[in-house]
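Enquirer: Chain residues, written in single-letter form:
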Amino acid sequence: MRFECRGLTFTYPEADKPVLENLNFSMAAPGFNAVFGPSGVGKTSFARILAGGNNGPGGDALIYEGISTILYSYNQERLPGWSCTGSHLEKVCPPKNSDLRKELIKIFKVDAFLGSRFSQLSMGQQNRMNLIRYLIQDFDLLILDESLANVDEALRETIVLAIKEIFPTKLFLYISHNLMEVARFCKDILVLSHPGKGKGAVVVQGQNYKTGYTATPQAIDRSMLEIMNAV
Amino acid sequence: MLFRRIYQFLIVYCLGVTGLLAIKYGAGLSNYVIPGLALIFDTAHRMLAGYFLDVLNTLSVTVLGQMISIFMAFFVGIIGRKSSWAGSFIKVMAYNIQAYPIVALAPIIFILMGDGFLSRLLIASMICYFPLLLSVLGIMASPIKDIEHFYIATGRMRWQLEVKIRAFENLNKLTTVIAGSSTLAMAGTIVAEFIAADQGIGYSIRIALYQSDLACILVALFSIGIIISVYQGILETVGEQMKNKWFTPKGGDLI
Chain A
3 MRFECRGLTF
13 TYPEADKPVL
23 ENLNFSMAAP
33 GFNAVFGPSG
43 VGKTSFARIL
53 AGGNNGPGGD
63 ALIYEGISTI
73 LYSYNQERLP
83 GWSCTGSHLE
93 KVCPPKNSDL
103 RKELIKIFKV
113 DAFLGSRFSQ
123 LSMGQQNRMN
133 LIRYLIQDFD
143 LLILDESLAN
153 VDEALRETIV
163 LAIKEIFPTK
173 LFLYISHNLM
183 EVARFCKDIL
193 VLSHPGKGKG
203 AVVVQGQNYK
213 TGYTATPQAI
223 DRSMLEIMNA
233 V
Chain B
43 MLFRRIYQFL
53 IVYCLGVTGL
63 LAIKYGAGLS
73 NYVIPGLALI
83 FDTAHRMLAG
93 YFLDVLNTLS
103 VTVLGQMISI
113 FMAFFVGIIG
123 RKSSWAGSFI
133 KVMAYNIQAY
143 PIVALAPIIF
153 ILMGDGFLSR
163 LLIASMICYF
173 PLLLSVLGIM
183 ASPIKDIEHF
193 YIATGRMRWQ
203 LEVKIRAFEN
213 LNKLTTVIAG
223 SSTLAMAGTI
233 VAEFIAADQG
243 IGYSIRIALY
253 QSDLACILVA
263 LFSIGIIISV
273 YQGILETVGE
283 QMKNKWFTPK
293 GGDLI
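As given, the protein sequences belong to chains A and B, one line each in that order.
Mind the numbering: the first sequence is residues 3 to 233 in the working numbering, read in order.
Mind the numbering: the second sequence is residues 43 to 297 in the working numbering, read in order.
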C-alpha cells in the first residue's frame, strides 16, 4: 500500500503562480507520516488534492497502489447540532467498529461530554470528537489536517501513540505546525517549501516513536535540524 | 413575542389615527372627509365584531395559502439546490419570475377562475411564494462545508440529511422569512378580495370605500392589524419553540 507523486504541480484557477510545483516523492503504508512546512506553503491544498484521488485536481500525477479509501479530516469541521455528540458518533459508526469507538472514546478522554452538543465543547474537545468519527470509518489513508489542534500536548502524545498502536496497517498523513511533535512521532516527513525556491519536496526521516519509547534528544535534534534545513 | 407584536401595532395604529386627527382639526375638515374620534368609536361599536369575523375568514385563506407556498417553496428549493442544469434553470426562473408583480396577474386569475375561494387562495399563495422561494433556494443551495464534508467523504450524504443540515444551520433565517411572509399572504388575500370576491375583509373595505366611509376603513384596518399581529406572534413563538427544541441540550452537561 503506497502512494506516489510524480511531478505534481497545482495552480488555483484565479492565481498566477502555482501553489505546488513539481512534487516528486512516495510514501508507503503502514505508518504515521507528516507534511510540514511554513504557513501558506500549500499543505492544506496538497492534502485536499491528495484526498481527491486521481480523479481530483491531482490527476495523473498521483499514483495510488492498494489505497482505495482516502479520508481527509480538518480542524474546523463541525458535527450537526440537533443532537448530542455521543448520538452522532453512534449513528456514523459501522456496527463492526462499535468496540473500537468505545476504546477511542476512552483514549481520547471524551466520555464526559458525549451527552453534550458539539457547540458546547471547547475547540480541543471538538477536534477530538471529530477525529474519532473518522477513525471509526473504514479507510486506507487518513489525512489529519491540524486535527489535534488545541489539544494539550500530553493528551496529543497519548492519542498519536494510541493511533499508531491501534491501526498498525493503515497509512496516516499528519499535518502539523509542531516541529518537535512531527520529528518525534512521524516516520516520513514531507517538508514543503514555497514554490520557486528550487528545493521541491524533501522527505525527511522522523524518529517514529511508539508506545514505551525512550527519547534520545540528540536524534530528535538531528531530525528537527534536517526538517528546518529542508524548509 | 406575541404581546410585543400587539403593542407595537397599537403604537403604530394610534400614531396613524393621531396624525389623521391632527390633519382634520388642523385643516378644519368635516367628519365626511376624516371622521372624529366619536364617530370612529361609534363605527367600531357597530362594525368591529363583523369585521373580526371577516378578518378571520381572510386569515383562514391566508394560512392555507401560506402553507401551500411554504410547501411549494421547499419543494422547488430542494429540487433547485443542486448546481446541475435543472437546478440552475429553476434558480434563474425563480429569480426572473419574482421580478414580475404577481398582483398584476390577479385579473387574469379572476377571468379564468372567477370570484371565490380558489382565486383568493391562489393569489395569496403566489404573493408570498416568491420571496419565500428565493430565501429557501438561497439557503438550500449554500453548502455547510464544515458539516457536510464528513458525510460526503464517507458516502453517507443523502438529500434528506443535506436538507436537514442546511435548514438547521439557517433556522433563524427560515423562521424570520416564514413569519414575514404571513403579512404578504394576508396582503395577497386582501388584494384578491378587494379586486373581486364576495367575502373577507378586503370585500368589506371595498364596500366602505364605495361609501367613502373612512371610519369603517379605520376600524377594518384595526381588526386586520390586531389579528395579523397575533398570527405573526404565534408563528414567531412556534419558530422560537422549534429552535429551543432543536438547539437546547437534552440532559447533557454544560462543559
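By construction, these hints were calculated from the structure, which means they are not laboratory data.
Hints may contain errors.
[Unchecked claim] Think about it this way: if two alpha-carbon atoms lie no more than 30 Å apart in a straight line, the pair counts; the simulated DSS-like pairs of lysine-lysine are: (1) K285(B) with K124(B); (2) K19(A) with K111(A); (3) K172(A) with K212(A); (4) K189(A) with K172(A); (5) K104(A) with K93(A); (6) K93(A) with K215(B); (7) K93(A) with K187(B); (8) K187(B) with K98(A); (9) K287(B) with K111(A); (10) K215(B) with K104(A); (11) K287(B) with K187(B); (12) K124(B) with K215(B); (13) K93(A) with K206(B); (14) K187(B) with K66(B); (15) K93(A) with K285(B); (16) K285(B) with K98(A); (17) K187(B) with K104(A); (18) K172(A) with K108(A); (19) K93(A) with K108(A); (20) K172(A) with K187(B); (21) K124(B) with K66(B); (22) K19(A) with K187(B); (23) K187(B) with K108(A); (24) K93(A) with K111(A); (25) K111(A) with K187(B); (26) K206(B) with K104(A); (27) K212(A) with K189(A); (28) K206(B) with K287(B); (29) K93(A) with K66(B); (30) K98(A) with K111(A); (31) K189(A) with K104(A); (32) K215(B) with K285(B); (33) K93(A) with K124(B); (34) K19(A) with K98(A); (35) K206(B) with K285(B); (36) K187(B) with K285(B); (37) K206(B) with K187(B); (38) K93(A) with K189(A); (39) K111(A) with K172(A).
Enquirer: Are the hints correct? Go through all of them and say.
Expert: For each hint, the structure was consulted:
no., hint, verdict
1, K285(B) with K124(B), "26 Å, holds"
2, K19(A) with K111(A), "44 Å, violated"
3, K172(A) with K212(A), "15 Å, holds"
4, K189(A) with K172(A), "13 Å, holds"
5, K104(A) with K93(A), "13 Å, holds"
6, K93(A) with K215(B), "28 Å, holds"
7, K93(A) with K187(B), "20 Å, holds"
8, K187(B) with K98(A), "28 Å, holds"
9, K287(B) with K111(A), "28 Å, holds"
10, K215(B) with K104(A), "38 Å, violated"
11, K287(B) with K187(B), "24 Å, holds"
12, K124(B) with K215(B), "20 Å, holds"
13, K93(A) with K206(B), "15 Å, holds"
14, K187(B) with K66(B), "60 Å, violated"
15, K93(A) with K285(B), "22 Å, holds"
16, K285(B) with K98(A), "35 Å, violated"
17, K187(B) with K104(A), "27 Å, holds"
18, K172(A) with K108(A), "21 Å, holds"
19, K93(A) with K108(A), "18 Å, holds"
20, K172(A) with K187(B), "26 Å, holds"
21, K124(B) with K66(B), "58 Å, violated"
22, K19(A) with K187(B), "26 Å, holds"
23, K187(B) with K108(A), "29 Å, holds"
24, K93(A) with K111(A), "20 Å, holds"
25, K111(A) with K187(B), "27 Å, holds"
26, K206(B) with K104(A), "27 Å, holds"
27, K212(A) with K189(A), "10 Å, holds"
28, K206(B) with K287(B), "15 Å, holds"
29, K93(A) with K66(B), "69 Å, violated"
30, K98(A) with K111(A), "22 Å, holds"
31, K189(A) with K104(A), "28 Å, holds"
32, K215(B) with K285(B), "11 Å, holds"
33, K93(A) with K124(B), "26 Å, holds"
34, K19(A) with K98(A), "46 Å, violated"
35, K206(B) with K285(B), "13 Å, holds"
36, K187(B) with K285(B), "22 Å, holds"
37, K206(B) with K187(B), "14 Å, holds"
38, K93(A) with K189(A), "33 Å, violated"
39, K111(A) with K172(A), "23 Å, holds"
Hint violations for this structure: numbers 2, 10, 14, 16, 21, 29, 34 and 38, all remaining hints satisfied.
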